Amino acid sequence: MSLLSPLFLFALLGIALPIWLHRLQTNATEREKFSSIMFMEQSQRRVHIQRKLKYLVLMALRILFLVLLVLAFTKPVFFTALEAAVTEDTTHHVIVLDTSFSMREGNSFAQAVTLAEELVDAMGADDIASLYTASGTVETISTATADPAIIRGGLEGLEPDYGRLDIGAMVTALDSLITSSQANFIIHFISDYQQSGQAVRFADMIPDVINGRPVTLSIHQVKTEDVANWSVASVEITTADSIRVGLKNNSSAEQSVEKTVALSINDITQQSLTETFTAPADGISYISFENVSFDEGDNRLNVSITPNDSLPDDDTRYTVFDNSPPAPVILLSADPESLAVTYITTALETAPRGYEVELLDVNDFDPRILQRYPWIVIDDIGSVNASLAQELQAYVDGGGAILAAVGERTLGQASIPVGGQAIGGSLSFSRNTSYNVQGVNVSHPVLDGSVGWNNLAISRVLPIEAGEADNVLITLNNNIPFLTERNIGLGRFLLLNTSLNNTWSDLPVKPVFVSFVAEAARHLSNEELLVKEQTINSFLQLDQNNGASGQVYDPAGNSLLSLADTTQSQSIQLSETGYYRIVTLGRDNLVAVNPDTRESDLSIMDAQALQNWETMVAGSAGDMELVDGIAISVVEEEPVAIEIWRVLLILLAVIVLAESLLGNRYLRFNTGNT
Amino acid sequence: MQLGQTDNKNAPTRLLDPSVLSSLSNLELVAKAVVEGFVMGLHRSPKYGFSQEFVEYRPYAEGDDPRHIDWNVYSRTDKTFIKLFKGETNSHLMLLLDTSASMGFGARYSKLQYGKYLAASLAYLASRQHDAIGAMIFNDEVVQYRPPTSKSGTLHGVIHTLDKAEAVEGTAMHKPFTRFREHVKKRGLVAVISDFYCDPEALMENVRPLALHGQDVIMFHLLDPDELNPNIKESTLYEDMESGEAIEVDPIFMKQDYPQRIKAHIAAIEKTAKGMNADHVLLDTSEPLDRALHAYLTFREKRA
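Top line first, the protein sequences correspond to chains E and P. First residue of the first sequence: 1, per this note's numbering; consecutive thereafter. First residue of the second sequence: 1, per this note's numbering; consecutive thereafter.
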């Protein structure tokens with residue numbers, strides 16, 4: 001029995017109260033002083049002893065009542081006893097069945113199940129067994145039991161999934177799953193023993209010694225030879241109307257095979273090409289599809305090869321191609337003819353995503369159209385008047401984003417419009433002064449991987465004082481912020497502390513400017529976070545994709561989020577292959593999910609490696625002695641806690657009843673005498 | 001006379017009621033109130049010696065109160081004489097008060113309290129009669145002893161001694177009587193105030209030498225009404241106040257057997273007293289003190 005709230009035991013001190021009261025009671029009432037007892041005789045009936053006993057029973061009942069009451073408050077729980085008590089000769093057979101994607105090859109999985117059943121049949125009378133499946137995760141199918149029928153029942157209905165098995169991760173998971181066990185272990189690992197499943201560090205595949213008990217590894221291979229397997233390894237859109245498909249020879253020898261490769265876009269087969277593909281061991285052979293036409297937006301590209309081999313599930317690959325038109329973006333400027341407009345427009349239009357710049361005069365701008373655009377650009381934030389600044393603040397606060405630079409019109413202002421950063425001191429401008437980039441936050445998505453910032457020639461900046469809300473991404477000497485980001489409400493305000501013409505710095509004419517603008521555009525429009533292709537069992541971050549405010553559909557078209565989840569879920573695991581659809585406000589995105597390509601490589605671990613593994617596992621327990629003569633009990637699973645407060649309540653009620661009856665009898669006794 | 005009854009002719013005043021006296025804290029005041037009340041209730045009686053009628057002179061002896069010297073005779077004869085009045089016998093009274101733990105028994109007031117009133121009243125009465133007064137407080141030891149004397153302030157000293165007495169320890173009769181024999185050679189009156197929870201034979205052994213020595217002994221036997229007629233309705237665990245022993249008795253025994261036993265004991269004590277030519281006065285502590293004072297005066301008159 002365990003107590004969930006043992007601190008309540010201090011209340012047992014209250015037992016002193018009935019003891020004290022009874023002591024007072026008995027002392028005060030039982031004896032009467034008399035001048036002399038020399039003429040008295042002992043009564044034949046020892047009434048006082050009987051009464052004393054009654055008092056003691058009454059006191060015991062009251063103490064018991066208090067004890068049970070306190071016990072009820074301490075939340076006592078019993079844990080279920082051991083299912084199978086075993087002796088020192090008992091062996092615990094831990095059967096681990098590989099259910100990873102590669103087990104879909106041929107009849108591998110059926111063989112694995114047969115091997116497991118044979119193991120169960122061979123169990124000794126005193127033995128116990130447990131059953132686990134290992135793929136992307138290790139799942140407990142049956143906890144330790146001496147009943148083979150339970151294990152056989154667990155084997156029924158098992159199917160391989162699309163996950164990838166890492167043996168090192170599997171061993172770690174098994175360690176944590178069976179740490180509470182105390183029997184001698186044999187881990188029976190039934191698998192195809194893919195070479196790719198081997199842990200990077202061999203030591204990771206050696207299980208820890210569990211609770212001081214020896215562990216033995218027993219290897220059960222479902223196949224002992226490599227199996228040739230072709231898979232669609234890659235689908236690339238090379239030009240606007242051509243696609244290159246790579247077929248991989250997943251074997252340890254050069255292979256030549258005739259395959260028909262079919263391309264379907266949005267479930268419509270476009271082309272089928274039949275060729276003889278020749279590739280070296282682990283090599284890729286390519287084929288191209290020309291004159292391919294795509295729909296606007298996200299396109300579902302299915303590439304499949306026929307005839308299927310023994311692992312047909314990797315003969316089809318799912319790809320998403322975003323054929324969206326250039327996204328419109330507003331560029332607000334007070335001088336449409338300026339160099340700044342030219343530089344920023346060029347950079348945006350040449351970005352990989354492609355943007356269609358709509359140049360608007362900041363002085364004639366109607367802010368009502370802002371809601372149509374996820375983000376805008378302002379070439380000189382100083383050109384924004386106070387009323388427009390207020391509108392722009394509301395726009396950002398509601399989820400919009402602004403990329404802005406300072407310029408001649410910002411000079412002399414006390415603070416940055418919209419952003420609100422203070423401009424402190426006088427203008428730091430001197431023809432003899434130059435500024436250098438001192439720090440670049442390359443972990444930020446806008447600056448991820450970008451180089452060339454240190455080579456900028458910066459002659460003029462504003463002494464902007466970054467506030468606590470500002471995230472300074474690039475810092476100049478004298479700690480002047482060069483690029484800052486401020487989160488305002490739901491949106492972002494990205495401020496470049498230089499003009500977009502090349503008079504304050506040479507940034508607009510440097511290559512880094514183009515990549516900066518492209519990444520800033522992706523960042524501000526929330527596009528950079530959605531990876532169109534994912535591996536199975538990876539997680540889709542919903543909050544970062546604004547998915548939490550929309551819906552997610554699995555490849556079968558089922559909605560995965562409840563109404564509450566649409567605002568609360570942070571991520572969702574992509575557990576099926578195919579296309580996931582993420583629908584958010586104004587956006588409809590697809591994510592293609594494919595099995596891990598490493599699972600397609602059916603090369604098995606060489607025999608020597610397997611032998612070494614077995615030996616090393618045995619060696620890790622070699623110095624240990626089997627426990628003899630000790631009665632061992634096994635609690636394999638987390639014991640089930642049984643709360644007993646209800647029983648205590650019933651007992652309390654019975655005691656209260658008994659106490660009342662006895663107390664009443666005692667009272668009646670006293671009353672009759674007075 | 002039966003217990004609980006009073007002489008109609010000498011009906012007690014309210015001041016003699018012990019329950020009233022128990023409200024007075026000053027023992028001397030109690031004694032004075034009792035005796036004065038008692039005396040007022042008596043008709044003038046030469047028998048009891050309260051008249052101031054001159055009888056004779058006798059020579060002054062050591063121990064006599066100098067205030068009683070007749071200075072007129074001294075001026076004429078140059079000798080000191082004491083004036084004796086009718087009722088005065090020139091004797092002394094020794095009060096022996098039992099303060100054993102059993103004397104502490106009593107519902108409203110204890111037997112000891114009653115005994116103190118009685119002893120103080122006797123002392124006051126004796127003082128009025130110009131008798132020398134002494135006192136001995138005892139339990140299983142002699143706690144305090146004041147030899148009999150008629151000197152000025154004796155009454156106050158005796159009453160103070162009585163006042164301090166507390167009921168503790170057990171009862172041992174032989175010690176006070178032995179001590180008494182050792183110190184008091186002159187014959188006189190001895191008033192023993194006790195509940196006499198002792199063996200009558202042993203009591204006789206202790207009191208007999210006094211009688212043989214010429215002392216006149218009166219035994220005031222104090223008992224609480226609950227000791228004489230205990231009334232319980234259920235079995236009770238009684239604890240002896242002296243020994244601390246406990247015994248469980250049932251109501252039937254206490255109703256039927258116990259009164260007979262205590263009466264037998266009283267009779268045995270009375271018989272013992274008679275055997276020694278001593279007076280035995282059984283006093284129910286609920287009754288007024290006048291019967292005791294009457295008994296004393298009768299006793300004194302008889303022995304004078």
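Read the hints as simulated data drawn from the structure, not as lab findings. Quick caveat, the model's predicted, so the values are computed rather than measured. For each residue, glycine too, the CB sits at the ideal point set by N, CA and C. Check before you lean on any hint, since a few could be wrong.
Taking lysine-lysine and the DSSO-like style, the derived pairs with C-alpha atoms no more than 27 Å apart in a straight line are [stated by the list, open to error]: (1) E:Lys33 to P:Lys233; (2) P:Lys185 to P:Lys255; (3) E:Lys75 to E:Lys52; (4) P:Lys274 to P:Lys263; (5) E:Lys33 to P:Lys274; (6) P:Lys175 to P:Lys83; (7) P:Lys83 to P:Lys164; (8) P:Lys175 to P:Lys186; (9) E:Lys33 to P:Lys263; (10) E:Lys52 to P:Lys263; (11) E:Lys510 to E:Lys532; (12) P:Lys255 to E:Lys33; (13) P:Lys263 to E:Lys54; (14) P:Lys185 to P:Lys175; (15) P:Lys32 to P:Lys175; (16) P:Lys271 to P:Lys255; (17) E:Lys52 to P:Lys185; (18) P:Lys186 to P:Lys151; (19) P:Lys79 to P:Lys32; (20) P:Lys255 to P:Lys175; (21) P:Lys255 to P:Lys233.
Listing some non-contacts, in silico: residues in chain E with all C-beta distances to chain P over 12 Å [stated by the list, open to error]: (22) Lys33; (23) Gln42; (24) Asp282.
Right, here's what the structure says about each hint:
With a C-alpha separation of about 16 Å, the suggested pair Lys33 (chain E) and Lys233 (chain P) falls inside the 27 Å cut-off, and the hint holds. Our distance criterion of 27 Å between C-alpha atoms is broken by Lys185 (chain P) and Lys255 (chain P), whose separation comes to about 46 Å. Restraint check for Lys75 (chain E) and Lys52 (chain E): the C-alpha separation of about 35 Å exceeds 27 Å, so the hint is violated. Of the supplied pair hints, the one linking Lys274 (chain P) and Lys263 (chain P) holds, its CA atoms being roughly 16 Å apart against a limit of 27 Å.
A hinted pair counts as satisfied when its Cα atoms are at most 27 Å apart, and Lys33 (chain E) with Lys274 (chain P) does not qualify at roughly 32 Å. Proximity of Lys175 (chain P) to Lys83 (chain P) is assessed by CA-CA distance (about 38 Å); at most 27 Å being required, the pair is judged violated. A threshold of 27 Å between alpha carbons decides the hint, and for Lys83 (chain P) with Lys164 (chain P) the separation of about 35 Å lies outside it, so the pair is violated. Restraint check: the Cα-Cα separation between Lys175 (chain P) and Lys186 (chain P) comes to about 19 Å, which is no more than 27 Å; the hinted pair holds.
For a cut-off of 27 Å, the pair hint linking Lys33 (chain E) to Lys263 (chain P) stands: about 21 Å separates their Cα positions. Taken as a hint, the Lys52 (chain E) and Lys263 (chain P) pair is broken in the structure, with Cα atoms around 33 Å apart against an allowance of 27 Å. Annotation: proposed proximity of Lys510 (chain E) to Lys532 (chain E) is violated, straight-line Cα distance about 30 Å (limit 27 Å). The suggested pairing of Lys255 (chain P) with Lys33 (chain E) holds, with an alpha-carbon distance near 18 Å, which does not exceed 27 Å.
For the given pair, Lys263 (chain P) sits about 37 Å from Lys54 (chain E) by alpha-carbon distance, which is inconsistent with the 27 Å threshold. Note on Lys185 (chain P) and Lys175 (chain P): the hinted pairing holds, with a Cα-Cα distance of about 16 Å set against a maximum of 27 Å. Simply put, Lys32 (chain P) and Lys175 (chain P) have alpha-carbon atoms about 31 Å apart, too far for the 27 Å limit, and the pair is violated. Distance hint between Lys271 (chain P) and Lys255 (chain P) is fulfilled; the C-alpha atoms sit about 25 Å from each other, no more than 27 Å.
Proposed proximity of Lys52 (chain E) and Lys185 (chain P) is contradicted: the alpha carbons are some 57 Å apart, above 27 Å. Taken as a hint, the Lys186 (chain P) and Lys151 (chain P) pair is honoured in the structure, with Cα atoms around 16 Å apart against an allowance of 27 Å. Using a Cα cut-off of 27 Å, the hinted pair Lys79 (chain P) and Lys32 (chain P) is violated, with the two alpha carbons roughly 34 Å apart. Taken as a hint, the Lys255 (chain P) and Lys175 (chain P) pair is broken in the structure, with Cα atoms around 35 Å apart against an allowance of 27 Å.
Taking the CA atoms of Lys255 (chain P) and Lys233 (chain P), the gap is about 9 Å. The hint holds against a cut of 27 Å. The claim that Lys33 (chain E) is not at the interface with chain P is violated, since a C-beta of that chain comes within 12 Å of its own (minimum 5 Å). Some Cβ of chain P comes within 12 Å of the Cβ of Gln42 (chain E); the nearest lies about 6 Å off, and the non-interface call is violated. No beta-carbon of chain P is positioned within 12 Å of the beta-carbon of Asp282 (chain E); the least distance is around 103 Å.
Against the hints set out earlier in the document, violations occur for numbers 2, 3, 5, 6, 7, 10, 11, 13, 15, 17, 19, 20, 22, 23.
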